[in-house]
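Engineer: Between the sequences and the hints, there should be enough to build the whole structure, so can you do that?
Protein chains in written order, with this note's numbering: chain A, 2 to 147; chain B, 2 to 147; chain C, 2 to 147; chain D, 2 to 147; chain E, 2 to 147; chain F, 2 to 147.
Simulated from the structure, these hints should not be mistaken for laboratory data. One or more hints might be untrue.
Copies of the same chain look alike in the list, so a pair counts if it works inside one copy or between any two.
Dumping the calculated EDC-like pairs for lysine to aspartate or glutamate here, alpha-carbon to alpha-carbon at most 16 Å [what the hints assert, rightly or not]:
(1) Lys64 / Asp113
(2) Lys40 / Glu22
(3) Lys64 / Glu115
(4) Lys35 / Glu54
Protein chains: 6
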Amino acid sequence: MVLAIDRRIGKHAILLAMSNEQEVSSLTIPVQWKSCIGKVGSMDSQKVVAAIETAAKREGIIKTEGYRETHALYHAIMDALSGVTRGQVQLGAVMRTVGLRFAVVRGNPYEDVEEGDWIAVALYGTIGAPVRGSEHETIGLGINHI
Amino acid sequence: MVLAIDRRIGKHAILLAMSNEQEVSSLTIPVQWKSCIGKVGSMDSQKVVAAIETAAKREGIIKTEGYRETHALYHAIMDALSGVTRGQVQLGAVMRTVGLRFAVVRGNPYEDVEEGDWIAVALYGTIGAPVRGSEHETIGLGINHI
Amino acid sequence: MVLAIDRRIGKHAILLAMSNEQEVSSLTIPVQWKSCIGKVGSMDSQKVVAAIETAAKREGIIKTEGYRETHALYHAIMDALSGVTRGQVQLGAVMRTVGLRFAVVRGNPYEDVEEGDWIAVALYGTIGAPVRGSEHETIGLGINHI
Amino acid sequence: MVLAIDRRIGKHAILLAMSNEQEVSSLTIPVQWKSCIGKVGSMDSQKVVAAIETAAKREGIIKTEGYRETHALYHAIMDALSGVTRGQVQLGAVMRTVGLRFAVVRGNPYEDVEEGDWIAVALYGTIGAPVRGSEHETIGLGINHI
Amino acid sequence: MVLAIDRRIGKHAILLAMSNEQEVSSLTIPVQWKSCIGKVGSMDSQKVVAAIETAAKREGIIKTEGYRETHALYHAIMDALSGVTRGQVQLGAVMRTVGLRFAVVRGNPYEDVEEGDWIAVALYGTIGAPVRGSEHETIGLGINHI
Amino acid sequence: MVLAIDRRIGKHAILLAMSNEQEVSSLTIPVQWKSCIGKVGSMDSQKVVAAIETAAKREGIIKTEGYRETHALYHAIMDALSGVTRGQVQLGAVMRTVGLRFAVVRGNPYEDVEEGDWIAVALYGTIGAPVRGSEHETIGLGINHI
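Structural biologist: Right, dumping it as structure tokens:
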């Protein structure tokens, strides 16, 4: 029931999302876990959601069939977007845009095997006006049982 | 005006907040920047805000006199708490508690010196029911001009 | 001033919204009350609002002239949508869609005639990904004085 | 993957929460499902959460051990509270109180057995000023995979 | 149905709330309207709501009996508090305090007499840290049919 | 550190936004302050943000170069929009439209010169259904250090 020190799924996901290609190759996650990374830039929050869902299904992190795992992933994405947008989950509607790297990690972060699989969605990048450089960093993390 | 690659103030803050004591000692930030780290655990969101403000003032990250810098820090804390709480900035009122490490970093993350100082507040830890182990990780980042 | 046991306007509205055509025909509401039911499915929250408003005016639940009753209905719809969306009143923008049955009921649910008319908007149906079957049920109820 | 017509878990939960003792006894749910009902009245949202969690564990709807099922229930409760409070999940802090009946139902509402168990939390009652009769009905429904 | 130029109820309410005693005496509102002003300072949002409700009832702006007018006033207060708090309707819970002047005005701001009475709640003052001077101005306006 | 009585930047901004052309000409603000006023009507929140930003840059209230001042203005606009929309920063998506006058004022409202410049964004006008006359007044104020 207790989080295992070396299986911090959120920390692993954040490190994956924050690392450049070189750094990523030096990161390790527990062998039985699954993960994928990707990039998405948009003023349209729908495209951010779609990009992450598509990648997670294509890379086999969640099942493409059925609703259960899609539902778990969706709410992890929404939670991560809350951190990125801090208040209103809106981008273009309030004239801002994001450039994000994302990571999705699936595994059991608890010492007890009964806890089963959990999913972590981490987002890292920039948010700001739709003008190059008028932006600052932003981060979001969502974790759900799956 | 563009974010400098090696001066990602949010990434630095998150790494500080996510690292244990040993790891922290191996992290580097730009020499002219200021930073502090701390811990706070509570069901009371007010205590989280107070702990970060107190540390930032005691460690000289922001001025203790005047309102301007306090105002900048306060909104960075609120943004970081949005990521941690994802939706409603409430802890005990919705029966959950947090155990957080925080980092506050101050410096100019842009290539242009005219952008002046910015402040980043990073939070990393766990959120969950007030029962040991019934919790998962959570993260938040707030960035503001100061 | 007290809610009358057999004039629970919200319960009546929810039962209307949750019932299929056969079941609806067996439901009763106080004779002096007005009500209408309808259906709307969309990724566009604006269309949900419009469908309910149009039906309520067409069926004579509220006056088509003037602002007062439109204002009362509008906020009852918004409250019902809060229950359906739980957090952010957004559909397509966060890549989800709804298929809803709605009921609008107008009458006085209190024992005291001085309380005048109130309006209840009930929504029942499904919310989920824009993929058939990838959805679960959702409900919302808004009540306002009119 | 499609919701089964006679296994609408949210509708079942709402009907349980809206029914008085006599009506409840005439309701049926699928035999392999589990459910419980209860009552809670408070200005303190924490007490509402606690009452539902306690009942669900005591009645064996979810496991008392481990975090996974508690996490699923918690978010279903939060979603239901969103519908009840419509905007800010706050009661006493904005000077209002609730008197609620709740139902928790666990089962698979989908035709495909692979979808596994889901949990529905339904709330029905009144919300209003802390003065007898100064209140109207309110409803909330949260559904989560478990 | 159209707002009358000289009966801007919101503008009147804001001017009342923003004026000192001397300025208030020079303001005029339509003769058949009712209004009251008052002050409240607190870290407790409940006290702000209570102070406005109490004043509005004591000064005869709304009826003390029945729920209908209390309900209309309550939501106008909540809307005004949204403007004051900008995001989360929380004060002490996020370590901030307010010092507010409030005005409640009741009348018909429309050219058409059929629109009946409306109520405006205006709040003006300061919000900030619980330290003298660490604060800036804040404003909120809520308008509802009554 | 204390707000100066005759330099209430928010009050000045609100009065500018609420005044017609004749009234504006009789208002005074501290000589070293900068201000601009404008109008915007839209169902699209993005256009409201853009209109204010464009005016503030064109009139020299904030620098057109760099991100720092744009960031300060942006959050003041968002805060003002929170007051206008009261809950969800959405217009057309929830089928409502605004007709607003805005004022942006820059200056130091504190007695201590160390507090530097602050920016106030005030919005005043109407919000309602996209039907002439089906609207009521609305107000919003955002204040930020710059």
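Engineer: With reference to the structure, classify each hint as holding or not holding.
Structural biologist: Quick rundown of the hints versus the structure:
1. Lys64 / Asp113: Intra 24 Å, inter 14 Å, cutoff 16 Å: inter-copy only.
2. Lys40 / Glu22: within (12 Å within a copy, 32 Å between copies)
3. Lys64 / Glu115: Classified as between; 11 Å across copies, 20 Å inside a copy.
4. Lys35 / Glu54: Result: close within a single copy only, 15 Å intra versus 32 Å inter.
In terms of the numbered hints stated before, the structure departs from none.
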